[in-house]
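The chain contents come next:
Protein chains: 2
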Amino acid sequence: MKIKVFTLILCVVFSFGFTQTDEKALKDIYKTSLTNGKSYDWLEHLSNAIGGRLSGSKNAELAVQYTKAELEKLGLDKVWLQPVMVPKWERGEKEMAYIESSGSITKVNICALGGSIATGEDGIKAQVIEVKDFKELEGLGKAKVKGKIVFYNRPMQADLISTFDAYGGCVNQRYAGAMEASKYGATGVIVRSMNLRDDDYPHTGSMSYGDLLVSQRIPSAAISTNDANLLSDALKQDTNLQFYFKQSCKQFEDVQSYNVIGEITGSEFPDEYIIVGGHLDSWDLGDGAHDDGAGVVQSMDVLRLLKESGIIPKRSLRVVLFMNEENGLRGATEYARVAKEKNENHIFALESDAGGFTPRGFSFATNDTNFNQILGWKALFKPYLIHYFEKGGSGADVGPLKSETNVLAGLRPDSQRYFDHHHAANDTFEHVNKRELELGAATMTSLVYLFDKYGVNPVPNSNKIKD
Amino acid sequence: MKIKVFTLILCVVFSFGFTQTDEKALKDIYKTSLTNGKSYDWLEHLSNAIGGRLSGSKNAELAVQYTKAELEKLGLDKVWLQPVMVPKWERGEKEMAYIESSGSITKVNICALGGSIATGEDGIKAQVIEVKDFKELEGLGKAKVKGKIVFYNRPMQADLISTFDAYGGCVNQRYAGAMEASKYGATGVIVRSMNLRDDDYPHTGSMSYGDLLVSQRIPSAAISTNDANLLSDALKQDTNLQFYFKQSCKQFEDVQSYNVIGEITGSEFPDEYIIVGGHLDSWDLGDGAHDDGAGVVQSMDVLRLLKESGIIPKRSLRVVLFMNEENGLRGATEYARVAKEKNENHIFALESDAGGFTPRGFSFATNDTNFNQILGWKALFKPYLIHYFEKGGSGADVGPLKSETNVLAGLRPDSQRYFDHHHAANDTFEHVNKRELELGAATMTSLVYLFDKYGVNPVPNSNKIKD
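Chains as they are written, first to last, in the working numbering: chain A, 1124 to 1590; chain B, 1124 to 1590.
Since the hints were derived computationally from the structure, they do not count as laboratory data.
Accuracy of the hints is not assured; some may be wrong.
A pair counts as met if it fits within one copy or between any two copies, since identical chains are not told apart.
Cut-off 30 Å, straight-line C-alpha distance, at most; resulting in silico cross-link-like pairs (DSS-like, lysine-lysine) [stated by the list, open to error]:
1) LYS1150 - LYS1201
2) LYS1258 - LYS1150
3) LYS1255 - LYS1147
4) LYS1514 - LYS1576
5) LYS1269 - LYS1255
6) LYS1161 - LYS1359
7) LYS1265 - LYS1514
8) LYS1373 - LYS1211
9) LYS1505 - LYS1525
10) LYS1150 - LYS1514
11) LYS1154 - LYS1514
12) LYS1465 - LYS1248
13) LYS1201 - LYS1505
14) LYS1437 - LYS1230
15) LYS1271 - LYS1465
16) LYS1196 - LYS1230
17) LYS1196 - LYS1514
18) LYS1437 - LYS1258
19) LYS1359 - LYS1154
20) LYS1514 - LYS1501
21) LYS1267 - LYS1255
22) LYS1154 - LYS1258
23) LYS1248 - LYS1201
24) LYS1258 - LYS1576
25) LYS1255 - LYS1150
26) LYS1255 - LYS1196
27) LYS1248 - LYS1154
28) LYS1437 - LYS1201
Just so you know, these numbers come straight off a predicted model, no measurement behind them.
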């Protein structure tokens, strides 16, 4: 047996930055969440009694009122609405699309992308040019693209372990596909849904026309993965096939909406703020249970679980339910603007916006000193199978709060099933597992407990990470 | 800020027992499984075309034939059936049960436990005595139990992070409930389903009468968690309520069945055997997709993925699809008996029998020397978010192969959703996620690859674990 073994002797300084009291606190938090959590009940209401909560919609307004009322029941020190103007876009009638080839018609499943213009009453019918990316589109140029529908069909990369990485490698087709195709005179855009599974659900999501003139804007829609495969196969048989689609979506004037905020004022350091949040708005096709009803109810339960566990926060803890993450980020922008105006010191901001699945850990955006402190807490989480503590991004809503000295973080649940549901009609309550949701809430609460107790180092990078 | 910090300086010897070739091999294995895996297709057939595969049933026989034929297509060195006699128990007609109180009837969802006797044509109607455990039953004694139906209603403990631990804390009610209740003259047994979720599915599973005389045997059934709660509440209102249930299940003579085995004979050490397996039989209510269709197809794909990745095993690799794990363990017992008879040196045996969910790692039953070697491989798995390498149990089917020097292991997927489906009518194909299943297959294949390459230490405990 020839084994090539690298033997390395390391002297490691482990700083266990926690006590037995902390071990007990986490145990209580997890137990309370799993036996007496509220997150699942709240999610049931948000998903089933209210439903999809697109910014500016009646449902978004109902969600604001409902979550405010629920936070008021918790006996927090303050609950309030923070006004913010949000965009309002409506899907209108259900979209319709088909492939026409050799005189036969095959219906396919599409949905308008958020922010797209309509096709007009008659819809659009044109030949299709399939591309994998913008470079291929550029190579084809106006000669081959003008008057056609551009079909972006680059699939998510299945061999990436994080499905978010796979999403990141594709989403420019959806966001900027129309903007790019318009340059070459395309008449419309069809984008393969951001979904790793082959199924019949089209997945919406935001798109932008950038600084295109109104006259240059073209309609764009997502097509289900099954139908993207179908269309691609059909094009191999008949490059001249015609594709028809019709959508009647519309952009309205901005409307008044709100972030919903609840606070427990700190007993020792009331001027240091810790926030935990998710976004209250969702896309309109499903009921937004995973994206981001889960993050909303978990964040609400963080403050409640701390109270239930008898923990009196030293710092000011806020739950912030952001409005308009999906198509504008207006709520997050406004929250950060007001925080800056009031000179509020946000030492830690945690977002849950990656679905209500079994939590695996967190991604931290912070300096090395803080990250080193955080690594000292990792062992505390081992009994709960929380193992992922990595530097990286945090969340779209907490992002604007970044400073040199603070910590931003995002909960990282298991990502494998997320894009089966993301922005689609099957992002619904029955696809959220109660225990998985509650474990996420407990994991977030535990981290908030630690930041509340120990704070963060006010001096950036005073101490390099030991490894 | 007062932080109580324990600082500990440790000198640790890390032995990285792998090479860059191994890193590359794992990358290939995961990529192949996620982009060109066969496990999901096989599972679709086992679940939807065949269905539930209770030992001795026609479906179990079909599953034997199907998996043998599929293994034969893989170009292994040998594929064969290993004969084994298995018990045959049939559920018969769908069970029926109701609560009768104050003249009103409320139907409830029950299912006979595997191995139970029938109630007879007329069913059983009796008063109910609810207990949490055998001690409480003993305390009540014959005076309070005789002639009644014993209702075991101890729920799974929700605050345990591993749902298998919660199952372990309850399953004696199901397995031995009738045996115990019979001692006090009970007329039948109703057991709360082993399910952490409140829903309407009764969960079956094996039960035993031990050495009770035939005349002392009483029928036992599981009741759904919702209806267990309903019954318990009803008993608080009316301790004299009547419970009726009828089941027509029957035990037959043992019948001929088989383990299905495929082998790639080792190129260097053909007399050292590595096996990977799951159990081909399942309960009859669902289609056994998670328990244990997933383990079967993952195990089949282990050998295929190694072949696809161009790896030529040094040791003899076998996939073993065990028959009759659920109600007898006859296949596992026979496989181990034959292995012993032939003096086959099984150095490593891996089982997947905990559902087709996202893999988290493995539990290893082995000596310290081997475990230390295994820990040296752990870092290889980090990119795949595999973090759980612990000593513990392995799997029911590989258990009989235990020796002083070998390694037994069980794949440990995320356990949160497992008991929502376990042994119930909703253990079906649509509840298995393709990527989660494929990640499990890749994780198993990676570990088999490492054991094949490096073997195990033939001397037990020659080297203590360093920590």
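Here is how each hint holds up against the structure:
1. Taking identical chains as interchangeable, the C-alpha atoms of LYS1150 and LYS1201 lie at most 30 Å apart only when both belong to the same chain, with a minimum of 28 Å there against 51 Å between chains.
2. Taking the closest pair of Cα atoms, LYS1258 and LYS1150 come within 30 Å of each other only across two copies (28 Å); inside a single copy the shortest separation is 53 Å, beyond that limit.
3. In this assembly of identical chains, LYS1255 and LYS1147 lie within 30 Å of each other by CA distance solely across copies; the values are 28 Å between and 53 Å within a copy.
4. Proximity of LYS1514 and LYS1576 under a CA criterion of 30 Å is satisfied intra-copy only: 22 Å inside one chain copy versus 34 Å between copies.
5. For the homomeric pair LYS1269 and LYS1255, the shortest alpha-carbon distance inside one copy (17 Å) is at most 30 Å, but the shortest distance between copies (74 Å) is not.
6. In the homo-oligomer, the alpha carbons of LYS1161 and LYS1359 lie at most 30 Å apart only across protomers (26 Å), although the nearest pairing inside one protomer, at 52 Å, exceeds that limit.
7. In this homomeric assembly, LYS1265 and LYS1514 never come within 30 Å of each other (Cα to Cα): the closest approach is 43 Å inside a single copy and 63 Å across copies.
8. In this homomeric assembly, LYS1373 and LYS1211 come within 30 Å of each other (Cα to Cα) only inside a single copy, at 9 Å, whereas the closest approach across copies is 64 Å.
9. In this assembly of identical chains, the alpha carbons of LYS1505 and LYS1525 lie at most 30 Å apart whether taken from the same copy (28 Å) or from different copies (29 Å).
10. In this homomeric assembly, LYS1150 and LYS1514 come within 30 Å of each other (Cα to Cα) both inside a single copy, at 26 Å, and across copies, at 23 Å.
11. In the homo-oligomer, the alpha carbons of LYS1154 and LYS1514 lie at most 30 Å apart both inside one protomer (28 Å) and across protomers (25 Å), since each shortest distance falls under that limit.
12. Taking the shortest alpha-carbon separations for LYS1465 and LYS1248, neither the intra-copy value of 54 Å nor the inter-copy value of 71 Å comes in at or below 30 Å.
13. For the homomeric pair LYS1201 and LYS1505, neither the shortest alpha-carbon distance inside one copy (34 Å) nor that between copies (43 Å) is at most 30 Å.
14. Proximity of LYS1437 to LYS1230 under the C-alpha cut-off of 30 Å is found in neither arrangement, the shortest distances being 59 Å within a copy and 53 Å between copies.
15. In this homomeric assembly, LYS1271 and LYS1465 never come within 30 Å of each other (Cα to Cα): the closest approach is 52 Å inside a single copy and 70 Å across copies.
16. Taking the closest pair of Cα atoms, LYS1196 and LYS1230 never come within 30 Å of each other, the shortest separation being 49 Å inside a single copy and 37 Å across copies.
17. For a Cα distance limit of 30 Å, the shortest separation of LYS1196 from LYS1514 qualifies neither inside one copy, at 36 Å, nor across copies, at 46 Å.
18. In this assembly of identical chains, the alpha carbons of LYS1437 and LYS1258 never lie at most 30 Å apart, being 54 Å within a copy and 46 Å across copies at closest.
19. With identical chains, the CA atoms of LYS1359 and LYS1154 are at most 30 Å apart between copies only, with a shortest distance of 27 Å across copies and 57 Å within one.
20. Taking identical chains as interchangeable, the C-alpha atoms of LYS1514 and LYS1501 lie at most 30 Å apart whether they share a chain (13 Å) or sit on different chains (21 Å).
21. In this homomeric assembly, LYS1267 and LYS1255 come within 30 Å of each other (Cα to Cα) only inside a single copy, at 15 Å, whereas the closest approach across copies is 74 Å.
22. For the identical chains of this complex, LYS1154 and LYS1258 are inter-copy neighbours only, at 26 Å across copies versus 53 Å inside a copy, given an alpha-carbon limit of 30 Å.
23. In this assembly of identical chains, the alpha carbons of LYS1248 and LYS1201 never lie at most 30 Å apart, being 55 Å within a copy and 57 Å across copies at closest.
24. With identical chains, the CA atoms of LYS1258 and LYS1576 are never at most 30 Å apart, being 51 Å at best within one copy and 44 Å at best between copies.
25. In the homo-oligomer, the alpha carbons of LYS1255 and LYS1150 lie at most 30 Å apart only across protomers (25 Å), although the nearest pairing inside one protomer, at 49 Å, exceeds that limit.
26. Taking identical chains as interchangeable, the C-alpha atoms of LYS1255 and LYS1196 are never at most 30 Å apart, the minima being 51 Å within one chain and 35 Å between chains.
27. Taking the closest pair of Cα atoms, LYS1248 and LYS1154 never come within 30 Å of each other, the shortest separation being 58 Å inside a single copy and 39 Å across copies.
28. When the C-alpha separation of LYS1437 and LYS1201 is checked against a cutoff of 30 Å, the pair qualifies only within one copy, where the shortest distance is 16 Å, while the shortest distance between copies is 67 Å.
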